[in-house]
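Kindly generate the complete structure, drawing on both the sequences and the hints.
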Amino acid sequence: MRRSQWFWLAAGWIGFAILPWYNLALLSAEAWPASGLFLAMTGEAPWLLPLVLPLALPLIFATRSTRELGLALVAAGIAGLAYALVQGFALGLHGWAWPFLEALLGETQATQIGFGTGAMVLLFSFLFLMTEGLAALGWMKGDRFTTGSIALVIGTILFFVFLPVSNILFGAAVPEGDSSAIASLFARLTDADIWSLNCLVENRRCGVFWNSLILAILTGVITTLLGLSFALVATRTNFPFKKPLRLLTVLPIITPPFVIGLAIILLFGRNGTVTLFVADLLDIRATRWVYGLPGILITQALAFTPIAFLVLIGVVQGIAPSMEEAAHTLRANRWHTFKRVTWPLLRPGLANAFLIGFIESLADFGNPLVLGGNYDVLSTKIFFAVVGSQNDPGRAAALAIVLLSLCVGAFYVQRRWLGSKSYTTLSGKGDAGRPSELPQGLRWICYATALPWATFTFILYAMIMFGGFVTNWGRDNSFTLKHYLGNFGIEWTEFGLLWSGRAWNSLFTTLEIAAISAPLTAGMGLLTAYLLVRQRFAGQSAFEFITMLSFAIPGTVIGVSYILAFNEPPIELTGTASILVLCFIFRNMPVSIRAGVAAMSQIDKSLDECALTLGASSAQTVRRVILPLLRPAIVAALVYSFVRAITSVSAVIFLVSARHDLATSYIVGRVENGEFGLAIAYSSALIFIMGAGIALIQFIVGERRISRRQTTDALSQEAPA
Amino acid sequence: MKLSQKVRLLASTAGIALSLSAGAASAESLTLYCSVGEEWCQAMVNGFTRATGVEVAMTRKSSGETYAQLKAEAGNPKGDVWWGGTGDPHLQAAEEGLTEEYNSPMLEKLQPWALSQANSSGHRTVGIYAGALGFVYNSEVMEDKNLPAPSCWADLIKPEYKGEVQIANPNSSGTAYTALASLVQLLGEDAAFDYQKQLHANVNQYTKSGSAPAKAAARGETGIGIVFMHDGVQQKVGGFPVEVVAPCEGTGYEIGSMSIIKGGPNPEAARKWYDWALTAEAQEIGASVNSFQVPSNASAKIPPEAPSLDKVKLIDYDFKKYGSSDTRKALLSRWDQEIGSLN
Numbered sequence: 001m002r003r004s005q006w007f008w009l010a011a012g013w014i015g016f017a018i019l020p021w022y023n024l025a026l027l028s029a030e031a032w033p034a035s036g037l038f039l040a041m042t043g044e045a046p047w048l049l050p051l052v053l054p055l056a057l058p059l060i061f062a063t064r065s066t067r068e069l070g071l072a073l074v075a076a077g078i079a080g081l082a083y084a085l086v087q088g089f090a091l092g093l094h095g096w097a098w099p100f101l102e103a104l105l106g107e108t109q110a111t112q113i114g115f116g117t118g119a120m121v122l123l124f125s126f127l128f129l130m131t132e133g134l135a136a137l138g139w140m141k142g143d144r145f146t147t148g149s150i151a152l153v154i155g156t157i158l159f160f161v162f163l164p165v166s167n168i169l170f171g172a173a174v175p176e177g178d179s180s181a182i183a184s185l186f187a188r189l190t191d192a193d194i195w196s197l198n199c200l201v202e203n204r205r206c207g208v209f210w211n212s213l214i215l216a217i218l219t220g221v222i223t224t225l226l227g228l229s230f231a232l233v234a235t236r237t238n239f240p241f242k243k244p245l246r247l248l249t250v251l252p253i254i255t256p257p258f259v260i261g262l263a264i265i266l267l268f269g270r271n272g273t274v275t276l277f278v279a280d281l282l283d284i285r286a287t288r289w290v291y292g293l294p295g296i297l298i299t300q301a302l303a304f305t306p307i308a309f310l311v312l313i314g315v316v317q318g319i320a321p322s323m324e325e326a327a328h329t330l331r332a333n334r335w336h337t338f339k340r341v342t343w344p345l346l347r348p349g350l351a352n353a354f355l356i357g358f359i360e361s362l363a364d365f366g367n368p369l370v371l372g373g374n375y376d377v378l379s380t381k382i383f384f385a386v387v388g389s390q391n392d393p394g395r396a397a398a399l400a401i402v403l404l405s406l407c408v409g410a411f412y413v414q415r416r417w418l419g420s421k422s423y424t425t426l427s428g429k430g431d432a433g434r435p436s437e438l439p440q441g442l443r444w445i446c447y448a449t450a451l452p453w454a455t456f457t458f459i460l461y462a463m464i465m466f467g468g469f470v471t472n473w474g475r476d477n478s479f480t481l482k483h484y485l486g487n488f489g490i491e492w493t494e495f496g497l498l499w500s501g502r503a504w505n506s507l508f509t510t511l512e513i514a515a516i517s518a519p520l521t522a523g524m525g526l527l528t529a530y531l532l533v534r535q536r537f538a539g540q541s542a543f544e545f546i547t548m549l550s551f552a553i554p555g556t557v558i559g560v561s562y563i564l565a566f567n568e569p570p571i572e573l574t575g576t577a578s579i580l581v582l583c584f585i586f587r588n589m590p591v592s593i594r595a596g597v598a599a600m601s602q603i604d605k606s607l608d609e610c611a612l613t614l615g616a617s618s619a620q621t622v623r624r625v626i627l628p629l630l631r632p633a634i635v636a637a638l639v640y641s642f643v644r645a646i647t648s649v650s651a652v653i654f655l656v657s658a659r660h661d662l663a664t665s666y667i668v669g670r671v672e673n674g675e676f677g678l679a680i681a682y683s684s685a686l687i688f689i690m691g692a693g694i695a696l697i698q699f700i701v702g703e704r705r706i707s708r709r710q711t712t713d714a715l716s717q718e719a720p721a
Numbered sequence: 001m002k003l004s005q006k007v008r009l010l011a012s013t014a015g016i017a018l019s020l021s022a023g024a025a026s027a028e029s030l031t032l033y034c035s036v037g038e039e040w041c042q043a044m045v046n047g048f049t050r051a052t053g054v055e056v057a058m059t060r061k062s063s064g065e066t067y068a069q070l071k072a073e074a075g076n077p078k079g080d081v082w083w084g085g086t087g088d089p090h091l092q093a094a095e096e097g098l099t100e101e102y103n104s105p106m107l108e109k110l111q112p113w114a115l116s117q118a119n120s121s122g123h124r125t126v127g128i129y130a131g132a133l134g135f136v137y138n139s140e141v142m143e144d145k146n147l148p149a150p151s152c153w154a155d156l157i158k159p160e161y162k163g164e165v166q167i168a169n170p171n172s173s174g175t176a177y178t179a180l181a182s183l184v185q186l187l188g189e190d191a192a193f194d195y196q197k198q199l200h201a202n203v204n205q206y207t208k209s210g211s212a213p214a215k216a217a218a219r220g221e222t223g224i225g226i227v228f229m230h231d232g233v234q235q236k237v238g239g240f241p242v243e244v245v246a247p248c249e250g251t252g253y254e255i256g257s258m259s260i261i262k263g264g265p266n267p268e269a270a271r272k273w274y275d276w277a278l279t280a281e282a283q284e285i286g287a288s289v290n291s292f293q294v295p296s297n298a299s300a301k302i303p304p305e306a307p308s309l310d311k312v313k314l315i316d317y318d319f320k321k322y323g324s325s326d327t328r329k330a331l332l333s334r335w336d337q338e339i340g341s342l343n
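Taken in sequence, the protein lines are chains A and B. The UniProt record's numbering applies: residue 1 is where the first sequence begins, and numbers increase by one. The UniProt record's numbering applies: residue 1 is where the second sequence begins, and numbers increase by one.
The set of hints was computed from the structure by calculation and includes no laboratory data. On a predicted model such as this, the values are computed, not experimentally measured, just so you know. Heads up, a few of these hints could be off.
[Unchecked claim] Cβ pair distances, simulated, as ranges:
| id | chain 1 | residue 1 | chain 2 | residue 2 | range |
| --- | --- | --- | --- | --- | --- |
| 1 | A | Asn505 | B | Glu268 | 24 to 30 Å |
| 2 | A | Leu497 | B | Thr279 | 32 to 38 Å |
| 3 | B | Leu147 | A | Leu276 | 17 to 23 Å |
| 4 | A | Arg415 | B | Gln337 | 37 to 43 Å |
| 5 | A | Leu49 | B | Ser325 | 47 to 53 Å |
| 6 | B | Glu268 | A | Arg623 | 55 to 61 Å |
| 7 | B | Leu187 | A | Arg659 | 47 to 53 Å |
[Said to hold, decoys possible] Derived list of chain B stretches under chain A, where covered just means 3 residues or more per stretch with a C-beta under 8 Å from a C-beta of chain A:
| id | segment |
| --- | --- |
| 8 | 163–175 |
| 9 | 204–210 |
| 10 | 228–240 |
Glycine included, each C-beta is placed from N, C-alpha and C at the ideal position.
In structure tokens form, the structure reads like this:
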């Protein structure tokens, strides 16, 4: 047996024989942390005893040939996984979960308790024993790292995305009244409320599908173009204030819920400064023009441009200058070079940025809620079908299916557009070219879009900072510190430091959870991207689509589906911090995947092959060759998942608990109560904390170093290697 | 034999007897799902812990969210008491058996409307406060545009208020549903939909949340909002130039309710909370944190800012009928067809 095989087998034995089998938080405080083996031997849970067999099997075959051992490992892994899961689900809180078992085995008094550390460790070691076996049998060219990663990613995504989501989507087919399941599903999916095109023929509203589609396309295009012009200004011009500009570009990724919406209302609402000014100037009546499509577009463009920028800047930097130089040598002018060389090479970045913008816009719920006016979109409809006065989960599920199909559509269009061309520009060959300058006209277009937008961002954030220091923002602008003291007061008492502010508790929890989930999210996402770009296996496109599921589904639905799936043993997670971390990982992972896919399709495969030929393992290749070249994508992934874990609202509404309350639910509570001062002060503090977090991430990950010729005009940001 | 007995003893004293009720044995605690404003929730929790020593873990969510959560958690409930929030979802939860029947000794101290809420649900829920539906208008906007202050439902459909009225969408907001049901009871169903079609010409937005029109009126984003009067009072106390009006023809109201969650982990503590929350002292906490609903305990002091229900002409709101899911579905789908689909 190999060392890694011994390792997973030992982990399995430790999980089964030493670590506590059940989740201690669910047992009484004085409960003894008994292992699975102990529970089985003492007769407390005799049904756990058969798990000894798959753990013993590899030992029996330890000295046999690689092939026989491999078969034994696969068999042990599959049998162990299957049995452990089946016993977990078959026995419910109140006896058997499945009626046929009761008929077969009679009634039982035994009940199931949520899996603890031991059970989890055992499950994972079975999974990896299986992949060790598969690798030994020659799967994926016998690569253990790849087989292991594929199984890990597929297994967890099936468990934490596919299972809960499909479970709740089946709600669309729950029979309504006397009609059959199919008829109800059909009726819900073809509702005029979704598809109607009445607005074209008479004075009625169009279906919510069209609203969402138009909004998503516009947002996708606008964020991609804005992101691109920022990326071009940052890399291909000699704009003097690149650092502050970059900060302003990334800043709106931090949009605390509702506060941006309020700032927009104060500027552009009927009573807003800008609206009143323009109305005065043109001598017209101030209108509520911002409520509806314009308002949602402004806020979404603001919120999602940074992520498009982060995806695109990596791609723009990655384009090999030698190709552009070659074009110049062949007498192409700047504009021609951009059109025929640079732009086509930007495609993976553009496509992935657009896809993110499109899907983010579809799933966004906070901005349409505040500024949507009468412009209904799918995500708000879904939210209120779940929690509104209709309370119709079937309708919510049907709407979610429509939303998902939109995403599938976008996903396939994106794939078709990219086609099967090669976008490789980062190869092992020394590439000492110089990035071509932008054509004159294009440079001015970039300036003309990027700079006003950056100014607008600056004004908005300055307003928010200001709002935290006044008594009643927009009404009574006298200076006060009471909001900050109320949130973040610290007292020195005789027992030591007292965190007397009301926000400390949720702030600490939020930061802890964000700090735990961000690296996990980025890691899982980039690993998945690696599998998608660099490996070929059956069912890859289906797998790629499933990874997007949790992203495309509105948070509310994810929240409810997580309660439905993880409130009862064997996986009982509600009320814990783990459910929040898991939700963040699987919900925010798709952005890491997209960033990783876009960046990795630029890196020449020959680099990997070179490393492999020189005797490195896949794991080593990833660590020493691919990861260093992926730095921009790593930054994008980490920043996004860190910030999203702090600012996400809809998914966590159902998952927070008294012990694990999050900053956003505190802010929403304040806003609902009309205490904007407290909400804004808290948001301002979060903006600073997240800013510091982003800077820290940048610092730790560092810049990617690609050897490029040093340019005299400092065009290129990158330092020579 | 002896050895296995020993092991058994060890195992059972260790408390690994596989029963879930084990958690209840430790120091008394309570998990509260609270559906009013954060401040009020927190004040109630502190008051209860001071009065009884029971530790409370509180989560605040809107009543619709809490109802959705109760349904999702039904197989293994995590909460004990659901306190606050408009009555309809509480009645729905009672209808679906998600909440527990309880006859509190405090019931006799309550106002008749609170009791009728208990009776119509088989004592699975009870009224804890009431709030009447009304208008809130921004006096600065009215002055600027030279508009008279509205005082009746009939005023709102006058053409001079074009684009000045805001109300929530009854599909998403319980407040707007209460308004819809009140109009139906006040005018009759067909006349009520006729009225709403005329009102539609003046409505600038059907908001998602029920209290949003009050906030919009406060900031002058709309002239008039149709909301619960206590939401308007809250903006007024918050320093905004708004006035609150009770419609002259009469109006409907909500009964904020409380229910014990069926199968919750701490049933004892839940009943303790229930009894305490119906006392006069507990009900006077609301006014101290700017929540001006009318308390259900007959001897609790009514805050002076609260829109006293004696001065408001209240209709005889049929909570049982209009809270039932059939009536609700019928009214909402008619609203969708006749009002919601208009441009």
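Quiz item: Among all the numbered hints in the text so far, which are the ones the structure does not match?
Solution: Hint check: nothing fails, all pass.
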